[in-house]
Amino acid sequence: MTNEIKYFSRNANELPMIFHFLNAVMKENASNIKLLNELKLSVEEIFMNMVRHNKTTNKDIAIRIESHKNSISISLIDHEDNPFDILDTDEIDFDEYFKQKKFGGLGIHLIKKLMDDLIFDHNAGKTTIKITKYTN
Amino acid sequence: MFKIEEVSLDEIKLIGEFDASQAEIVTDFIERYEVTLTLDLEELSYISSMGLGILVKNYHRLNSMGYKVILKNLNEHIKDVFKYTRLDQLFVFDE
Chain A
1 MTNEIKYFSR NANELPMIFH FLNAVMKENA SNIKLLNELK LSVEEIFMNM
51 VRHNKTTNKD IAIRIESHKN SISISLIDHE DNPFDILDTD EIDFDEYFKQ
101 KKFGGLGIHL IKKLMDDLIF DHNAGKTTIK ITKYTN
Chain B
1 MFKIEEVSLD EIKLIGEFDA SQAEIVTDFI ERYEVTLTLD LEELSYISSM
51 GLGILVKNYH RLNSMGYKVI LKNLNEHIKD VFKYTRLDQL FVFDE
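Heads up: the protein sequence lines correspond to chains A and B, in order. If you count the first sequence from 1, position 14 lands on 14 in this note's numbering, and the numbers rise without skipping. If you count the second sequence from 1, position 64 lands on 64 in this note's numbering, and the numbers rise without skipping.
This is chain B alone, in the form it adopts within the complex (with noise of 0.2 Å):
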């Protein structure tokens, strides 16, 4: 079960399983923002490395306007998937 819904005009949140059966959809939805961006993964249980690309493709797309891309409340296995993929050094935390 993936959803993902807007919470403001620069943020939106993404909730449950992030696989890649759900890849067009978060394509579709993130790509409609330039606008500096917040995702709040508070209730993302899981992502995989198709998930991670989206959102770096975002990031480097959004960076090329000038603007970041903020993530916030991530559980212990995302903060790992982006350790190990050095993707915390990319992205702005806000803790």
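Okay, chain A solo, but in the shape it has when bound (with noise of 0.2 Å):
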């Protein structure tokens, strides 16, 4: 089992080495091209929230991985006092959505199709959203 913990600072430019983090971490599973883009997918999307959503502070967003044997667990743990609950979220209208022309609010879609389990948690100040994926 891998567990491992990385501080990144709270702006898009981080992305690429948020990922870098990912590819070193899980190298056991490089070959799974699949895998890894869609937990990269589902990381950027909540990482990019905290970033956009939470102007409350300043420090940096923690993300833990943890590889077991027939999973991979990543968790984004923020610091604020009044969270967004991303699971609080209603589900797409996709003919309303296209024929009001909108453009963004996917990311919160796709996690939920991509991802095998997700939970959110708000404790003494600190959020933490962790996906997981099983690999078997």
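No wet-lab data here; the hints were simulated from the structure. Computed from a predicted model, the values in this text were never measured in an experiment. Among the hints, a few may not be true.
[What the hints assert, rightly or not] Derived DSS-like pairs: lysine-lysine, alpha-carbon spacing no greater than 30 Å straight-line: (1) 27/A with 83/B; (2) 68/B with 3/B; (3) 55/A with 83/B.
[As the list claims (entries may be wrong)] The following residues of chain A were derived to be distant from chain B, with all beta-carbon distances above 12 Å: (4) 4; (5) 5; (6) 27; (7) 55; (8) 57; (9) 59; (10) 60; (11) 62; (12) 69; (13) 70; (14) 73; (15) 82; (16) 90; (17) 122; (18) 125; (19) 134.
Heads up, the beta-carbon is just placed ideally off N, CA and C, and yes, glycines get one too.
Relying on the hints, combine the two individually framed chains into one complex.
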């Protein structure tokens, strides 16, 4: 089992370093490009949500990767008092979405589609969003 | 690593990983086109929801002028992302 944590500043320009961290920790799954891309997409979405919507802190965002025999879990941990629970979002009505010519807001929908488990927790001023993908 | 290249006056190629850090570069590049635009995604290994949003925004922009956006050479991951967001119903695919 692998368990590694790194801290990233609140900036989209950190994404290449975050992806490098994922690639390095998950080198045993390096050949599974689809799995890696699904995890990258989910991590990017959660990270960018934290960057864009939590303006109450300048503290770094922690990313912990736990690699088990049959699963990979990634937790993103942020400091905030009034969290946005990403589980508390409505299903997208795609007919309306296209009719209204919307072009954003697809990320949370994609995480729910791509990941096997998604957990939101807020405790003592810290929000943790944990995604899990089963590998077997 | 990400690159965007002009193949011809109505075709561009996206190469590498299109994440949120590339949003401004891609927006500035694509918004110059007022034609039916083909996007060659053969060497695009990754796209995030931010990337999708930019493509959808430009689909609507060009569609309002009577043009289309045609996508070609999508890999399995990119195809899945379009399928899960039902954007496969919006764009034209040149398979």
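Structure-based check of each hint:
Simply put, residue 27/A and residue 83/B have alpha-carbon atoms about 28 Å apart, close enough for the 30 Å limit, and the pair holds. Straight-line distance between C-alpha atoms of residue 68/B and residue 3/B comes to about 23 Å, which keeps the hinted pair within the 30 Å bound. With a CA separation close to 33 Å, the supplied pair residue 55/A and residue 83/B exceeds the 30 Å bound. No Cβ of chain B approaches the Cβ of residue 4/A within 12 Å, the least distance being about 21 Å, so the stated non-interface status holds.
Taking the minimum C-beta to C-beta distance to chain B, about 21 Å, the non-interface status of residue 5/A holds against the 12 Å cut. With a closest Cβ-Cβ approach of about 17 Å to chain B, residue 27/A is found to remain outside the 12 Å limit, as its non-interface label requires. A cut-off of 12 Å between C-beta atoms confirms that residue 55/A is not in contact with chain B; the least separation is 17 Å. With a least CB separation of 20 Å from chain B, residue 57/A remains clear of the 12 Å interface cut-off, as annotated.
Its beta-carbon lying about 20 Å from the closest one in chain B, residue 59/A satisfies the requirement of being farther than 12 Å from that chain. No beta-carbon of chain B comes within 12 Å of the beta-carbon of residue 60/A; the shortest separation is about 17 Å. For residue 62/A, the non-interface assignment is confirmed: its Cβ lies about 19 Å from the closest Cβ of chain B, beyond the 12 Å cut-off. For residue 69/A, the shortest C-beta to C-beta distance to chain B comes to about 24 Å, beyond the 12 Å cut-off, and the non-interface label holds.
Distance to chain B confirms residue 70/A as a non-interface residue, since its nearest Cβ pair spans about 21 Å, more than 12 Å. With a cut of 12 Å on Cβ distances, residue 73/A stays outside the contact zone with chain B, its closest approach being about 20 Å. Separation of residue 82/A from chain B is adequate, the least Cβ-Cβ distance of about 23 Å exceeding the 12 Å criterion. For residue 90/A, the shortest C-beta to C-beta distance to chain B comes to about 15 Å, beyond the 12 Å cut-off, and the non-interface label holds.
Listed as outside the interface, residue 122/A is consistent with that label: its C-beta sits roughly 23 Å from the nearest C-beta of chain B, beyond the 12 Å cut-off. Consistency note on residue 125/A: stated as away from chain B, and its beta-carbon is indeed over 12 Å from all of that chain's, at 26 Å minimum. Once the 12 Å rule is applied to beta carbons, residue 134/A is consistent with being away from chain B; the minimum gap is 17 Å.
Hint violations for this structure: number 3 only, all remaining hints satisfied.
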